[in-house]
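S.K.: Each residue of the sequence shown is one higher than the last, beginning at 136 in our numbering.
The set of hints was computed from the structure by calculation and includes no laboratory data. Please note that the accuracy of each hint is not assured.
Derived Cβ-Cβ restraints for the label pairs, each shown as a range [stated by the list, open to error]: (1) R147 x S461: 49 to 57 angstroms; (2) N198 x R391: 22 to 30 angstroms; (3) D465 x H442: 15 to 23 angstroms; (4) E405 x R426: 13 to 21 angstroms.
Backbone N, C-alpha and C fix where the C-beta goes; we use that ideal spot for every residue, glycine too.
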Amino acid sequence: MFEQRSIEVEVRATRALARDVVEFELARVDGAPLEPAAPGSHVDLRVEPPGGLAQLRQYSITNALARGRLDSYRIAVARSAQGRGGSAWLHDTIRKGSRLRLGQPRQLFAQHEAAGAALFIAGGIGVTPLLPMARAAAAAGADWRLVYLVRSEERAAYLDELLELDARRVLLHVSGPRDRRLDLASILRQLGQDTHVYCCGPQGLMQAVRELTAGRAPGSVHFESFGAGEAAGEAAGAAAGADHGFELRLARSGLRAAVPPGSSVLEVIEQLGIAHPSSCREGICASCEVRVLDGRCEHRDQILEPHERQQDERFFPCVSRCAGDSLTLDL
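Generate coordinates for the entire structure from the input sequences, incorporating the hints supplied.
M.R.: In structure tokens:
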């Protein structure tokens, strides 16, 4: 599915942004403009680490615009020692002139309104979807602030660009070797009720923000995950230990199958011969989303907001399961 919809791009330029963070500028090989990409959008990129299978990785478009088309996308890649080799391959192998396969932009982290009051909370490389949002807010004359948490200042990618927007609105917090804590609770208490909060970063940071914003209006706090992370992995592992089997019903195809403990709904769908779209298989990219027709869901994704989880309408079969005896999907 990715190969059918992807395009070939060439690396127009590379730039070292910070320690272990490199920016890649990607343009279509045929010279045509790229699809529009609003702030918060990301793309799938095919990576081919040595000794492993080709993988798809999701990267935010850091030069995304509220309006208009782009002749290139810019993405920032942080080298990950705990990853599956994709980021290291990009850092070590890809240079100006290299060619890659790129998917179409997708939007899972939309900016509510560029002119509205906003607080952006970035943890490390989580700054990448928030940078174009801050640019849009600045251009609209909005009341915005950005809190940027990093281990060391040398790892603060795009810091210069953010300070150029308005240094007074940017708070850089360096935790350092002593892991100094920022009083996020105090910052969030000062927000007006009409302010939207956008957060992207490690799972621990996002969980803390979720807890601190639990009393805010539904739909006013937004999250983007750039990876499953250690905390998510532990949660998934604990949940997997309690897995139970259930019946899967596919309404349009008329197929039925048992989903045993330890197998994902997506795996069973594929075993039934249905080529369903998928990418990350970690519940973060939304490429496998399907509509629920009947059944209670056990949502394990990192996409849905709390109020969306209660509706049991959207389902991500790569990680989520059924909370009851049967689940009917629109497939």
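S.K.: Next step is simple, just say for each hint if it's right about the structure.
M.R.: Outcome of the hint check:
1. Taking the beta carbon of each, R147 and S461 are about 51 angstroms apart, inside 49 to 57 angstroms as hinted.
2. As the Cβ distance of N198 to R391 is approximately 47 angstroms, the hint placing it in 22 to 30 angstroms is violated.
3. Between D465 and H442 the beta carbons are some 21 angstroms apart, a value that agrees with the proposed interval 15 to 23 angstroms.
4. Between E405 and R426 the CB atoms are about 18 angstroms apart, so this pair conforms to the stated range of 13 to 21 angstroms.
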